[in-house]
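Chains V, S, L and X supply the protein sequences, listed in that same order.
Heads up: the first sequence runs through residues 0 to 341, numbered per numbering that gives the first Met the number 0.
Heads up: the second sequence runs through residues 0 to 341, numbered per numbering that gives the first Met the number 0.
Heads up: the third sequence runs through residues 0 to 341, numbered per numbering that gives the first Met the number 0.
Heads up: the fourth sequence runs through residues 0 to 341, numbered per numbering that gives the first Met the number 0.
All the pointers check out, no bait thrown in.
It does not matter which identical chain is meant; a pair holds if it fits inside one copy or across any two.
Lysine-lysine pairs mimicking DSBU-like chemistry, simulated, CA-CA at most 30 Å apart:
#1 K145 with K91
#2 K212 with K145
#3 K144 with K212
#4 K288 with K23
Derived from the structure by calculation, the hints contain no laboratory data.
There are 4 protein chains.
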Amino acid sequence: MADINSATTDIIRAHHTLSFQVVKLAFMMTGNGLYTGQVHLLDIDLHPDFYDVTPSSFYTTGMREVTVIYNPRNQYAHKYNFGHALLYAGSKNMMGAAILCAKACLRAGCGLITVHTETGTQPVIQASFPEAITSNENDLQLLSKKKAAIGMGPGIEPSPANAILLDELCSTWDGALVIDATALHLLTGKQTTLLPRKNHSTVLTPHTGEFDKLFGSSSNDFERLEKSIANAKTLNSYIVLKGPHTSIACPDGNVYFNTSGNAGMATAGSGDVLTGIITGLLSQGYSEKEACLLGVYLHGLAGDFAAEKHSQEAMIASDIIDSIGECFKKIRDLKSQTPNVY
Amino acid sequence: MADINSATTDIIRAHHTLSFQVVKLAFMMTGNGLYTGQVHLLDIDLHPDFYDVTPSSFYTTGMREVTVIYNPRNQYAHKYNFGHALLYAGSKNMMGAAILCAKACLRAGCGLITVHTETGTQPVIQASFPEAITSNENDLQLLSKKKAAIGMGPGIEPSPANAILLDELCSTWDGALVIDATALHLLTGKQTTLLPRKNHSTVLTPHTGEFDKLFGSSSNDFERLEKSIANAKTLNSYIVLKGPHTSIACPDGNVYFNTSGNAGMATAGSGDVLTGIITGLLSQGYSEKEACLLGVYLHGLAGDFAAEKHSQEAMIASDIIDSIGECFKKIRDLKSQTPNVY
Amino acid sequence: MADINSATTDIIRAHHTLSFQVVKLAFMMTGNGLYTGQVHLLDIDLHPDFYDVTPSSFYTTGMREVTVIYNPRNQYAHKYNFGHALLYAGSKNMMGAAILCAKACLRAGCGLITVHTETGTQPVIQASFPEAITSNENDLQLLSKKKAAIGMGPGIEPSPANAILLDELCSTWDGALVIDATALHLLTGKQTTLLPRKNHSTVLTPHTGEFDKLFGSSSNDFERLEKSIANAKTLNSYIVLKGPHTSIACPDGNVYFNTSGNAGMATAGSGDVLTGIITGLLSQGYSEKEACLLGVYLHGLAGDFAAEKHSQEAMIASDIIDSIGECFKKIRDLKSQTPNVY
Amino acid sequence: MADINSATTDIIRAHHTLSFQVVKLAFMMTGNGLYTGQVHLLDIDLHPDFYDVTPSSFYTTGMREVTVIYNPRNQYAHKYNFGHALLYAGSKNMMGAAILCAKACLRAGCGLITVHTETGTQPVIQASFPEAITSNENDLQLLSKKKAAIGMGPGIEPSPANAILLDELCSTWDGALVIDATALHLLTGKQTTLLPRKNHSTVLTPHTGEFDKLFGSSSNDFERLEKSIANAKTLNSYIVLKGPHTSIACPDGNVYFNTSGNAGMATAGSGDVLTGIITGLLSQGYSEKEACLLGVYLHGLAGDFAAEKHSQEAMIASDIIDSIGECFKKIRDLKSQTPNVY
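With the sequences and hints as input, model every part of the structure.
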């Protein structure tokens, strides 16, 4: 089994696959999981510089990489230093998405969070998450004022009003923007018009189904990966393709595969949590690339802690949120122990 | 005291009862608990093959059996792999039943959960359990689309609309179905018409009172057991008769007695939790038989963990839900340690 | 300082008071706490039989006494064995009282709990405590059917409708009844008419202020104690006079002083929790006397656990509820270790 | 770098700053944090009496000082001994502020808490915090009766009605008063008229932005500090200027800098928690000075416990509330170990 997806040829269904020193691209493909079984890396004593001198546009994100990205808090900060995030999330039957997204956003470290919801649904958020401010202000210019980052999508209706809002966001909002879930649905067919209008990059967080609707279906994971790279470039976007090894395709053509996470995260609301985390990191001033890499890794690591506590079967999205703190503590400890990674 | 319930003859009220190697059927009868006191099994060194070669239609479900049934998660899964469960549960004064059932369902491992509730009651669910999607869509065809399993009954009104819904479910829904609580009440008198219409088996989860309404009163536990076997066959149903040793009568005539659980589970909402767990397991692709055996055992084991933490008196149904994760971890650990049970 | 409250004579304000073997009645009086400081009992090696042969109508309730009262669960029980409790509690601005009372009631071990509340307030209870059934059924005969015990008072309005309900409860309800808070206010002036109508004893749970309104003001704690004894006899009631050493005056003239608890329990909702616990114990079949002694002790012990975890200052009523399980576990363990106390 | 803020001259950006024995005033200035890096105090063996004989109007509040202030509970208390606090807090989109403030207030040890909120928003508080009583009674005289302390501001609307209420509070309310958030905004421009009308001191808890609106902008932290001292005197108020080293300027001209806390407290709702804590301490009978010193320190220490558990990034305001109990336990333990500090 080589670096292309050889679904058309004969393949052995291995229980174990041995490889030298580094993971192969094919191991990152969801569809190949059936054939590799458990992957073992054999240390062949490659010189560490090897990684830096060998050109590749494919990377993995692990604890080492996020420890470099992570930026400990300035001890003289106040809440406005960590940004005020704005979320467009939730609707009458999907308020939970707004709650999960908002909680994750604040626990990812932003200073303040405002959730725009349908009129009448505010009490649900406030009873569940008192730290959130709610709003039903429909004037984007008013509501987005002094906001550091905006996330749109979890649990919203695919309504004409939301389609107009997405259009307006892409046309007039200068800051960091994450588009997820229903907002990706609303974006479908307009992405080449809307996204390039923006001054800087956008973050898109589709799962495979949403990705295929946006960019057309693919016959295999490699083709889908190629599409994500092409579109990340064209649309000046970070395309976070969610799956067992979530890939982040960057506008510069590089791709980062995430190495944390587990099958217990295949649970309702897990994606809303990721959107909240990335928006919360953007809000604190992390760049789009940093927020995607650190956010996706944090989400997976929090899921690993949650599975350890609750099992993969029983864990739910709220458990992922509750484990975000442990992740930051672990990353901070590692960073303080390895001063040379600063 | 032999294998029949000899309530009409003189019986000793023992503090302790000693038996050889295996439990006797009579020990599984609730009404006999008064007479056996604590049961002790004496190991007489029977050959393990004994169990397999001795024909019987009565079995007990213990950790050994559920470890075989339990199917660890494929690491390359996404939430649609674990199924989207649909619950008809809750009404104005019984919303809690919907919340408990839905939480248990998701913590049992299904991927997504939608709760159909009365119009106006959605905020109660969403504030309590953000992972749930709510719906008041009354068109079964629309709502049941792409659902993996349906549970009906906890906390619903015995209304004409719900009677019609139950009828429609039995007539048109092809997938896995659990009928509990008020839905059992609505089924009463129509079971011989409705249940055989279905292509495959149904799961019924009555407590003794509900069972007697459905199938007529019994003069003792043995008679009730016989009725459950007869009806399981006739109605092509798994009849989960809830009690201290919950019995599961299968369409093939076999009966499985559960061995986990304790008297602390005699608390409000405990049955709603069981319905949620079974629906959640069905949703992941477990067969009706597997979902009943594994679900009833999980429910009891989670209750045992809850009693250890909170006492039998103080434990409540939410504590059972909170302990589901520990059960899966224990079963998974056992399974990984005994590869030959695969 | 002797056994009467000598507030009119010169008293030393001691930091420590030493006494022989047993507490003196005066130590149980709240007003004397200022003068005794910390009380130390010196063991003078009195024969244990002393307690049984020395006639007194004043007793203390400690771990030894409640271990005798406590009745472990029959392992073959279902939820109807532990009774269905009914609470009249809560109103628009005091819903919390209903939630705290209902949670404590179920955690005290009753099988089912229905809370009667004002129309429109049900969602608040259901979102907070899914195990509860709510009701706004105003027909007492309908609602009280098949109920094992009724508690009335926490957080209700002093409305004419509630006055009529209390009257009806006393006139027609045959089962166990606890009257607290606003219901005590509504009872004031009518107690000699209403309470003797009942077939069996009632439980009243006033704090000092409510007691004085019911039975007239007292010049000191001894006078108040005497009044509680006299009224307990006349009204065939158990009068639980809440304070640092809660006293329970019984219809037979005996008084039991509680020995558990701490000043951290002087917090909003603590009394609602006590009412819930006593109603929950009555619901399981404990007698009025047993429910009062065990309930008051449990409440205090749970408060002691809560203070250990959260401090006396920071602990709130919910923390008391969360500690009820630890109390039952401790009492059960003690009982199983000392079989002769059965 | 001396004791004035020398922002206009050349400054070294140090990684570490060494100082002798005691902190310098300049280290307390937020703006200087950029230049000092981490501050280390070198023990030069100064005689402990030094602190008492060296005149200064600048103090730090540490564990030693709050242990002296802290007053353990009288064991014969009931809830009315710890006071009934009243909060004007919350509005349709900011109910969370009311919940956080009320929870912190009760966990700080007051006996009872009533929250005045907009009509229709009560259910949100009651579902989240059952210990609270809610009210929409707009007559201050009625509502403030028998209240021990009042806090106004978190999450309220800047409405004319609230402006009138603030005016009335300052004119007619004799007891302890804390003004925060929106109430500070409403006070702006009227402080010299309203505050001196009161019989005794008021507590103001502005962050830098609110402070500058009230008292005019400052070119540096020293100027702002001077303004806080001048206004504390003129307005007979305790001015709690929130920041990394929160300062408390007293009417007598002294200033206390807090030494607990961390950058994780720069999170939504953290200020609402502080207002609750101070109001709760005032309610128990602590003086304004004691409540400010103890309250600000408790708030910071609880934040330190929360950061230890959840990390600075992931901790949210609710985590601070949950840690208040640990603070009281620590302070109480220290006090009991050092009887000479009584």
